[in-house]
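Protein chains in written order, with my numbering: chain A, 57 to 366; chain V, 63 to 397; chain L, 622 to 965.
Rather than coming from a laboratory, the hints here were simulated on the basis of the structure. By construction, the Cβ of each residue, glycine as well, lies at the ideal position given by its N, Cα and C atoms. Mixed in with the good hints there might be a few duds.
Unchecked claim - Label-pair ranges, simulated between beta-carbon atoms:
hint, chain 1, residue 1, chain 2, residue 2, range
1, L, His757, V, Asp212, 56 to 66 Å
2, A, Pro181, V, Leu347, 51 to 61 Å
3, V, Arg218, L, Ile895, 42 to 52 Å
4, A, Gln75, V, His390, 30 to 40 Å
5, A, Ala362, L, Trp643, 21 to 31 Å
Unchecked claim - Computed list of lysine to aspartate or glutamate pairs in DMTMM-like fashion (alpha-carbon distance at most 20 Å, straight line):
hint, chain 1, residue 1, chain 2, residue 2
6, L, Lys735, A, Glu80
7, L, Lys735, A, Asp355
8, L, Lys892, V, Glu289
9, L, Lys771, A, Glu80
10, A, Lys77, L, Glu767
To be verified - A few chain A positions that, by computed beta-carbon distances, are all more than 10 Å from chain L:
hint, residue
11, Asn87
12, Val121
13, Ala135
14, Val172
15, Pro180
16, Arg255
17, Ala268
18, Ser269
19, His272
20, Ile283
21, Met290
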Amino acid sequence: MAESSISDQRSLGGLTAQQIKQLERASRWKNWGRSWYKFSRNPLSVVGLVTVVVLILLAIFAPVVTPYPRHAGAFTDFAHAELPPNAHYIFGTDQIGRDILTRIIFGLRSSLLMGVLVLVIVVPPGVLLGLVSGYYQGTWIDTIIMRITDIFLAVPPLILALAVASVLAPNLWNGMLAVSLMWWPWYTRLVYGLASQLRNEYFVAAAEVNGASTWHILFREILPNTISPILTKMSLDVAWVIIIGSMLSFVGLGVQPPEPSLGTMVADGARYLPDQWWIATFPALAIVIVVLGFNLLGDGVRDMFASEGV
Amino acid sequence: MAVPLLLEIKNLQVHFAVYGGRLKVLDGINLAVYSGEKVGLVGETGCGKTTTMKAILQVLPMPPAKIPGGEIFFKGRDILKMSDNELHQVRGRGISMIFQDPTAALNPVFSVGQQLEAVIGFAAIKGHQKSQQEIHQQAVASLLEVSLPDPERLLRSYPIQLSGGMRQRVCIGMALATNPELLIADEPGTSLDVTIQDQVLRLLRKLVEDKDTSIILITHTLGIVRELTDRVYVMYAGNVVEVATTQRLFAQPLHPYTQGLIQTVPRLTGGGIASGIPGRIPDYLNPPSGCRFHPRCPQAMDICRIQKPPAYRVEAGHEVACFLYSNHERDAKAQ
Amino acid sequence: MTTEILTATDLKKYFVIGHSGWPKRKPIAVKAIDGISFTMFEGETLGLVGESGSGKSTVAYTTVGMYRPTAGSLRFRGQELFGHKDKRPQHLRKEIQIVFQDPGSSLNPRSSIKQILEMPLRVHQPGKNRIERVVHLLEIVGMSLEYMYKYPHMLSGGEKQIVGIARALASDPSLVILDEPTSALDVSVQAKTINLLLQLQKDFHLSYLFITHDLSLMRNVASRVAIMYLGKICEVAETADFFRNPLHPYTQMLLSSIPVISEAEEEFKPKKVISTGEIPSPVNIPTGCSFNTRCPFVMEVCSHIDPVMAEAGRGHTVRCHLFSQPAPGSVSQTGSISVPTNLT
Chain A
57 MAESSISDQR
67 SLGGLTAQQI
77 KQLERASRWK
87 NWGRSWYKFS
97 RNPLSVVGLV
107 TVVVLILLAI
117 FAPVVTPYPR
127 HAGAFTDFAH
137 AELPPNAHYI
147 FGTDQIGRDI
157 LTRIIFGLRS
167 SLLMGVLVLV
177 IVVPPGVLLG
187 LVSGYYQGTW
197 IDTIIMRITD
207 IFLAVPPLIL
217 ALAVASVLAP
227 NLWNGMLAVS
237 LMWWPWYTRL
247 VYGLASQLRN
257 EYFVAAAEVN
267 GASTWHILFR
277 EILPNTISPI
287 LTKMSLDVAW
297 VIIIGSMLSF
307 VGLGVQPPEP
317 SLGTMVADGA
327 RYLPDQWWIA
337 TFPALAIVIV
347 VLGFNLLGDG
357 VRDMFASEGV
Chain V
63 MAVPLLLEIK
73 NLQVHFAVYG
83 GRLKVLDGIN
93 LAVYSGEKVG
103 LVGETGCGKT
113 TTMKAILQVL
123 PMPPAKIPGG
133 EIFFKGRDIL
143 KMSDNELHQV
153 RGRGISMIFQ
163 DPTAALNPVF
173 SVGQQLEAVI
183 GFAAIKGHQK
193 SQQEIHQQAV
203 ASLLEVSLPD
213 PERLLRSYPI
223 QLSGGMRQRV
233 CIGMALATNP
243 ELLIADEPGT
253 SLDVTIQDQV
263 LRLLRKLVED
273 KDTSIILITH
283 TLGIVRELTD
293 RVYVMYAGNV
303 VEVATTQRLF
313 AQPLHPYTQG
323 LIQTVPRLTG
333 GGIASGIPGR
343 IPDYLNPPSG
353 CRFHPRCPQA
363 MDICRIQKPP
373 AYRVEAGHEV
383 ACFLYSNHER
393 DAKAQ
Chain L
622 MTTEILTATD
632 LKKYFVIGHS
642 GWPKRKPIAV
652 KAIDGISFTM
662 FEGETLGLVG
672 ESGSGKSTVA
682 YTTVGMYRPT
692 AGSLRFRGQE
702 LFGHKDKRPQ
712 HLRKEIQIVF
722 QDPGSSLNPR
732 SSIKQILEMP
742 LRVHQPGKNR
752 IERVVHLLEI
762 VGMSLEYMYK
772 YPHMLSGGEK
782 QIVGIARALA
792 SDPSLVILDE
802 PTSALDVSVQ
812 AKTINLLLQL
822 QKDFHLSYLF
832 ITHDLSLMRN
842 VASRVAIMYL
852 GKICEVAETA
862 DFFRNPLHPY
872 TQMLLSSIPV
882 ISEAEEEFKP
892 KKVISTGEIP
902 SPVNIPTGCS
912 FNTRCPFVME
922 VCSHIDPVMA
932 EAGRGHTVRC
942 HLFSQPAPGS
952 VSQTGSISVP
962 TNLT
């Protein structure tokens, strides 16, 4: 191979494998730094991130951080029932005498679990179907997948969830299943739109021209360019799933007593408004904070993936 | 009788806040446009010419962008100190702009007529609102001026139905419909085919000459500058490095960058491909000390690393920011 | 060396964009390439010039396998490229590569430079030590190894285009199609990139199909030039001959519209053929010679009969009634016969 005399870039051929690894590590650090910079431009995004982290930690360490962990199970104490917020019970007690603060934190567990697990179940198949139908847009594959998607989208979501949940035994897991069934088509739709556009890009053509496998094109060329909208949607979806889950338990088709659930707490406590306002209000506020936290985090994630360019 | 000075940029600096610090893009630009003049602004991608134009029209995104210093005088008043109201008077009526990509500059969901008439309507002087009839007439007249046939039908058409050349003409028509005193044309022919570009540029020259409009033509294509302008500014890395009449610039380029640039243009008469200018444009985060061109300059001297060269007047109208000409007098206006 | 590397025979590519009429359902087609024939030789740079709608990009994409032709044949070293019903076989894919025009969209913004260069290696040389080969490619194009883990948005336009070139070289091809490789670049970067391409051509015995609209560049890079208009080739000649003695009126129009920067070039340009009218849409190609709506030398026969390619000198062919007799028996309406004239 003749020496290339044209370039005026110093060619550093001759780096050891060790040095190349260092190069990789250094650039990865830099990329994370840049991502954080973009994320943190908006202070509210950081607030969202902190909120979500705190909530997750509270949920994980619930037995340790709550003042009355036993109140999360079968427990009654009518002597201390319906007490307003005071020094011993910061958010007051409910109609059976259980500490509301403790139950809220335990209730977070099922809410967050539902949010995360539903997405874990729903996103991979939804995205996969969207990728395939988008890449093969115009063919029978596209038609079949998108018509099935359309059918699921045509049914009003809450009704579908209620129908499924009422057929199955009412508990957290079946509630999640019901919500999953109504949630996946949105990801397919999103990714379908993105993939059908991306397949016309020149870098995809470059891969096709070289005879790259369809697997490579779908997962190495197209998918990485859809991550940003998918992640943004996911962080906003966690909030929505939690609300839907709360709606299900509000109606009695989700988490069953005595297990605490934010939705059930609001439902039960609604009866006691406006006199014993704290029984319903604090759980409702908790739902608001969770939803807000994830929304702000979602905004930050979107900014993080925003394209560079001055 | 002195020709009035229409636009004067004095020592303009523009910085952008980014990850890692500040991009010091414009480093003290000096530029002047007289009434009725055709001025070219030549430079390569990233030299700051578009940033300069955006600064004139005050359309820079202000959170990342900052203007730490400098003044832009339009007809004697500093644009940087104008209120929104005053800016509104200037934009469109005093200064108009044509963009590089006519497809992106026209809104695809509105007809040509709707967009053209909107521009004419906005530019009406307060108190002299024009009737719909008058606006329509003016729109038709604008299209005829840019040699577009069948204006009535064209006004009803949508941009997507027109060819690239026709879209660019519509943009020119829109820009000139309000009779601005200064027209800024940012790479007006670049996205067009060569034969169409030739037509459009000849049209542009004829129109600005007929209406006595001044024009700043921004481009990186030297051939266009030579055919269309009277005077040329050459920019590199946020500085004006040379200014001269077009004829003189091509006959006797003085700055090493200008010389390098002219040398690398392939010739129709043959002669092979030049070797180009070594190096790459500087990182605006940490620009080179002294003269920003010194790392790439074949004639760099010690002083070039230390001090930024002022503009030296080698001849009336021909100034160079280069220490090679330090035996000439400094230009009093700059720095 | 005059062995043929690429031969096109009456190649056609039509795109059906809709149907008209009812119930006949006549297809409306964009005739992107409408019967072109050309030959490329090993080691040469064939320049292909044209404006919008000329079909030059379609020629590029068809050659590299992105489109299947509607009719006609395209042979690579004697082997028909589109003989197989299915996809092109791997051994042919590696031989013909392409560098795309827009550096911005030809690189995956979410892939690092290393991943971009690995892709063809992964396909054509599975299993081998790819890092070594990536490093080797970067060395060949003179790019510092620091760039391996960078992303496209961190690179300048010129650097991105160099990555595109490196990617094309990864499969060790014989024929590289360069689709306006420097049109999006500044003139000083263009010089460096072109010089790199010329050096690589020498080092690796490459043949280039060089597509551009920049005739000044073409003058200094190509060994032969072909000019296209609305899907057909108008004129082919060796470079020096093409520029000194342009025959086709469209060639003259194009050459006289170029903005040049020196007096010498101004005088060299053919006498001014003012460009008039818009380029017709490829959906509505004029009958007869497709250039007749804009040709300053148009004659009666031009709107009825499409001229054929004819020899007009050594290695110089042109498709124009000014230089060829219509076939006997196909006399035009007025009964007149065109007489070839030399217009330079």
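Results for each hint:
no.	hint	in the structure
1	L/His757 <-> V/Asp212: 56 to 66 Å	60 Å, holds
2	A/Pro181 <-> V/Leu347: 51 to 61 Å	44 Å, violated
3	V/Arg218 <-> L/Ile895: 42 to 52 Å	30 Å, violated
4	A/Gln75 <-> V/His390: 30 to 40 Å	50 Å, violated
5	A/Ala362 <-> L/Trp643: 21 to 31 Å	48 Å, violated
6	L/Lys735 <-> A/Glu80	10 Å, holds
7	L/Lys735 <-> A/Asp355	31 Å, violated
8	L/Lys892 <-> V/Glu289	16 Å, holds
9	L/Lys771 <-> A/Glu80	9 Å, holds
10	A/Lys77 <-> L/Glu767	11 Å, holds
11	Asn87	8 Å, violated
12	Val121	40 Å, holds
13	Ala135	62 Å, holds
14	Val172	25 Å, holds
15	Pro180	19 Å, holds
16	Arg255	12 Å, holds
17	Ala268	5 Å, violated
18	Ser269	8 Å, violated
19	His272	7 Å, violated
20	Ile283	7 Å, violated
21	Met290	17 Å, holds
Of the numbered hints stated above, those contradicted by the structure are hints 2, 3, 4, 5, 7, 11, 17, 18, 19 and 20, listed in ascending order.
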